[in-house]
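Whole structure, please, built from the sequences with the hints as guidance.
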Amino acid sequence: MQNLGIKVLFQGMNLQRLIQGLGVTGRIAFTSIIIGSIFGMLLGIVWTSKSKIIKFLCRLYLEVFRIIPILVWLFIMYFGVTTALNVDLSGETVAIIVFTLWGIAEMADIVRGSLESLPRHQIESGKAIGLSNLGLYRYILIPQAARRMLPGAINLATRMIKTTSLVVLIGVVDVIKVGQQIIELSRIEVPTASFWVYGFVFILYFIICYPLSKLSKKLEAKWSD
Amino acid sequence: MKRHNKILVFLIIAALAVGVLTGCARNADEVSTGKTNSIEEIKKRGTIRIGVFSDKNPFGYLDENGENQGFDVYIARRFAKDLLGDESKVEFILVDAASRVAFLESNKVDIIMANFTVTDERKEKVDFANPYMKVSLGVVSPESAPINSIEDLEGKKAIIAKGTTAETYLTKNHPEIVELKFDQYTEIFEALKDGRGAAIVNDNTEVIAWANQNPGFVVGIPNLGDQDTIAPAVRKGNQELLDWINNELTELGKENFVHEAYDETLLDVYGENFREELVIEGGIIE
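So the sequence lines, in the order shown, correspond to chains A and B.
First residue of the first sequence? That's 1 in the working numbering, and the numbers climb one at a time after it.
First residue of the second sequence? That's 1 in the working numbering, and the numbers climb one at a time after it.
Derived from the structure by calculation, the hints contain no laboratory data.
Note that beta-carbon positions come from the ideal geometry of N, C-alpha and C, so glycine has one too.
The reader is advised that the hints may include incorrect statements.
Derived CB-CB ranges, DEER-like [claimed, not checked]: (1) A:Phe-10 <-> B:Asn-246: 42 to 48 Å; (2) B:Asp-86 <-> A:Gln-11: 35 to 41 Å; (3) B:Ala-97 <-> A:Asn-155: 47 to 53 Å; (4) A:Leu-71 <-> B:Ile-39: 32 to 38 Å; (5) B:Thr-250 <-> A:Phe-202: 48 to 54 Å; (6) B:Gln-213 <-> A:Leu-85: 45 to 51 Å; (7) A:Gln-11 <-> B:Thr-168: 38 to 44 Å; (8) A:Phe-10 <-> B:Glu-240: 42 to 48 Å.
Just a sample of chain B residues kept apart from chain A, beta carbon distances all over 10 Å, derived [stated by the list, open to error]: (9) Ser-38; (10) Ser-136; (11) Gly-237; (12) Ile-280.
Taking lysine to any residue and the SDA-like style, the derived pairs with C-alpha atoms no more than 25 Å apart in a straight line are [what the hints assert, rightly or not]: (13) B:Lys-56 <-> A:Ser-90; (14) B:Lys-236 <-> A:Asn-86; (15) B:Lys-56 <-> A:Arg-187; (16) B:Lys-43 <-> B:Arg-78; (17) B:Lys-193 <-> B:Gly-155; (18) B:Lys-56 <-> A:Phe-10; (19) B:Lys-193 <-> B:Ser-149; (20) B:Lys-44 <-> A:Leu-89; (21) B:Lys-236 <-> A:Val-72; (22) B:Lys-89 <-> A:Leu-89; (23) B:Lys-89 <-> A:Glu-92; (24) B:Lys-56 <-> A:Phe-200; (25) B:Lys-56 <-> A:Ser-165; (26) A:Lys-7 <-> B:Asn-68; (27) A:Lys-7 <-> B:Glu-64; (28) B:Lys-56 <-> A:Ile-19; (29) B:Lys-162 <-> A:Ile-76; (30) A:Lys-217 <-> A:Glu-92; (31) B:Lys-43 <-> A:Val-87; (32) B:Lys-89 <-> A:Arg-17; (33) B:Lys-56 <-> A:Gln-20; (34) B:Lys-236 <-> A:Leu-169; (35) B:Lys-89 <-> A:Met-13; (36) B:Lys-56 <-> A:Glu-92; (37) A:Lys-7 <-> B:Gln-213.
Written out as structure tokens, the structure is:
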């Protein structure tokens, strides 16, 4: 019975399809994490501005993405906006756009939080030794804030990877969907298929998420010196 | 207090923003409904986009090589062949149950053939062609004590799953039958094997498939209660394509094509005896 179940993974192109599905998941997640981190970092710095209007706009942007479920965003973008603007975007492109926008919003908040948590005298001392604004961020604030934002950023990254499973609803075939297709195909002959397929999918997610937390540990250790 | 006010303001603005966004989307929908997805457009494109399931064996699923297969898919391929001259000129869009209507409304598919049950609610949003399949409730019982009519069940226990059409139907139409309810789908089959009830009442596709896999049990009543039909659906107002499908179904009926589709895709699961209970030929219910 057990032998029968695990066999499902190796039938036909199944394994290859699962890996391809993982590729789609990875492509969506990592593109949006990378772009999201870069622009999130910039927006986070902008957010610390004293201007009330800028603060308000940043806060509005974040709340819009935090309050409205990502699934709703995917639907609005895929079925609504593409029709309204009469552009034909693939589900994967829409997914990358939505996840990137989400990533920027959350990342900016993390950056803002860690920048603002730095003691005031750091800025003042920086200014006292004659650093320009750019230098202030480059040599004093960012290096210190980076350590504080790391746990939050890694948490966000893994959350984004896992949330990509929602993309099936706009027709993108990710690793979970391939898993369901395989399970459903062998529903009658191999009733235990779900255990093996989901078990394998779990391992695949672990493989892409674990290096991230490993990396964060390493960076934290390195930066704490 | 002030903070709370601020949060409230943000919420309102966020809600407005979304309202505007979706509002735009709806407007555009109404505007573009005018230009329907005519046959010419499909021919110009060279492929027909048909939305099918990718995880509903045996109706629409992917085989181990990632190829679309199943009853709906078999008929969809034939549509492509008759419209565009080649079976391979169909682009299968993999849809989920929850997003079938949205795919049609946003013009991302030409036809939905994802085991789409015709309901009044859905008719308001999409146009259904004539049906090619029918489903209703079915009753499966042990061969040794078969239930062949609903009267046979009187005073006996009927096994049902909670929240299903079977529950609604029995409670409404046959309150005299004792219901034995279970939460899980798998439990009802175990319960019948254990003899905790006289028969299972459930969707006929489910009970027929199960009886086919489990010797010693027989589907005494293959059609009970209201009959539902399954039909291709097109975007609201796409009369041209709708007419083409209906005409195509009539043509296919002349060569008993839906029967052929049954034999190719459903025979293994539902067996010889229920072809006529499930298939609709020529788009007309007899």
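Status of each hint after checking the structure:
1. For A:Phe-10 paired with B:Asn-246, a C-beta distance near 45 Å keeps the hint of 42 to 48 Å intact.
2. Checked against the given bound of 35 to 41 Å, the beta carbons of B:Asp-86 and A:Gln-11, roughly 29 Å apart, lie outside it.
3. One distance hint, 47 to 53 Å for the beta-carbon pair B:Ala-97 and A:Asn-155, is violated here, with the actual separation near 32 Å.
4. Taking 32 to 38 Å as the suggested C-beta distance range, the pair A:Leu-71 and B:Ile-39 conforms, at roughly 35 Å.
5. Checked against the given bound of 48 to 54 Å, the beta carbons of B:Thr-250 and A:Phe-202, roughly 50 Å apart, stay inside it.
6. Checking the proposed 45 to 51 Å range against B:Gln-213 and A:Leu-85 shows it holds: the Cβ atoms sit about 50 Å from each other.
7. Separated by about 39 Å at the C-beta atoms, A:Gln-11 and B:Thr-168 satisfy the suggested range of 38 to 44 Å.
8. With their beta carbons about 47 Å apart, A:Phe-10 and B:Glu-240 fall inside the hinted range of 42 to 48 Å.
9. In this structure B:Ser-38 is separated from chain A by more than 10 Å, as the shortest Cβ-Cβ distance comes to about 17 Å.
10. Every Cβ of chain A is farther than 10 Å from the Cβ of B:Ser-136; the closest lies at roughly 22 Å, confirming the non-interface assignment.
11. The beta carbon of B:Gly-237 sits about 15 Å from the closest Cβ of chain A, which is more than 10 Å, so the claim that it is off the interface holds.
12. At roughly 24 Å from the closest C-beta of chain A, the C-beta of B:Ile-280 stays outside 10 Å, upholding its exclusion from the interface.
13. Annotation: proposed proximity of B:Lys-56 to A:Ser-90 holds, straight-line Cα distance about 23 Å (limit 25 Å).
14. Restraint check: the Cα-Cα separation between B:Lys-236 and A:Asn-86 comes to about 18 Å, which is no more than 25 Å; the hinted pair holds.
15. Restraint check: the Cα-Cα separation between B:Lys-56 and A:Arg-187 comes to about 10 Å, which is no more than 25 Å; the hinted pair holds.
16. Restraint check for B:Lys-43 and B:Arg-78: satisfied, since their Cα atoms lie roughly 15 Å apart, inside the 25 Å limit.
17. Distance restraint check for B:Lys-193 and B:Gly-155: the Cα-Cα separation of roughly 19 Å lies within the 25 Å cut-off, and the hinted pair is therefore satisfied.
18. The hinted pair formed by B:Lys-56 and A:Phe-10 meets the criterion: a straight-line CA distance of about 21 Å does not exceed 25 Å.
19. Using a Cα cut-off of 25 Å, the hinted pair B:Lys-193 and B:Ser-149 holds, with the two alpha carbons roughly 20 Å apart.
20. Between B:Lys-44 and A:Leu-89 the alpha-carbon distance is near 20 Å, which keeps this suggested pair within the 25 Å criterion.
21. For the suggested pair B:Lys-236 and A:Val-72, the alpha carbons sit about 23 Å apart, so the restraint of at most 25 Å is met.
22. Using a Cα cut-off of 25 Å, the hinted pair B:Lys-89 and A:Leu-89 holds, with the two alpha carbons roughly 21 Å apart.
23. Restraint check for B:Lys-89 and A:Glu-92: satisfied, since their Cα atoms lie roughly 23 Å apart, inside the 25 Å limit.
24. With a C-alpha separation of about 21 Å, the suggested pair B:Lys-56 and A:Phe-200 falls inside the 25 Å cut-off, and the hint holds.
25. About 19 Å separates the Cα atoms of B:Lys-56 and A:Ser-165, which keeps this hinted pair within 25 Å; it holds.
26. For the suggested pair A:Lys-7 and B:Asn-68, the alpha carbons sit about 21 Å apart, so the restraint of at most 25 Å is met.
27. For the hint linking A:Lys-7 to B:Glu-64, the alpha-carbon distance of about 12 Å falls within 25 Å, and the restraint holds.
28. Of the pairs offered as hints, the one joining B:Lys-56 and A:Ile-19 holds, with about 22 Å between alpha carbons and a cut-off of 25 Å not exceeded.
29. Of the pairs offered as hints, the one joining B:Lys-162 and A:Ile-76 is violated, with about 34 Å between alpha carbons and a cut-off of 25 Å exceeded.
30. For the proposed pair A:Lys-217 and A:Glu-92, the alpha carbon gap of about 31 Å is over 25 Å, so the pair is violated.
31. Proximity of B:Lys-43 to A:Val-87 is assessed by CA-CA distance (about 21 Å); at most 25 Å being required, the pair is judged to hold.
32. Distance restraint check for B:Lys-89 and A:Arg-17: the Cα-Cα separation of roughly 23 Å lies within the 25 Å cut-off, and the hinted pair is therefore satisfied.
33. A hinted pair counts as satisfied when its Cα atoms are at most 25 Å apart, and B:Lys-56 with A:Gln-20 qualifies at roughly 21 Å.
34. With a C-alpha separation of about 22 Å, the suggested pairing of B:Lys-236 with A:Leu-169 holds against the 25 Å cut-off.
35. For the given pair, B:Lys-89 sits about 23 Å from A:Met-13 by alpha-carbon distance, which is consistent with the 25 Å threshold.
36. Note on B:Lys-56 and A:Glu-92: the hinted pairing holds, with a Cα-Cα distance of about 23 Å set against a maximum of 25 Å.
37. Restraint check: the Cα-Cα separation between A:Lys-7 and B:Gln-213 comes to about 21 Å, which is no more than 25 Å; the hinted pair holds.
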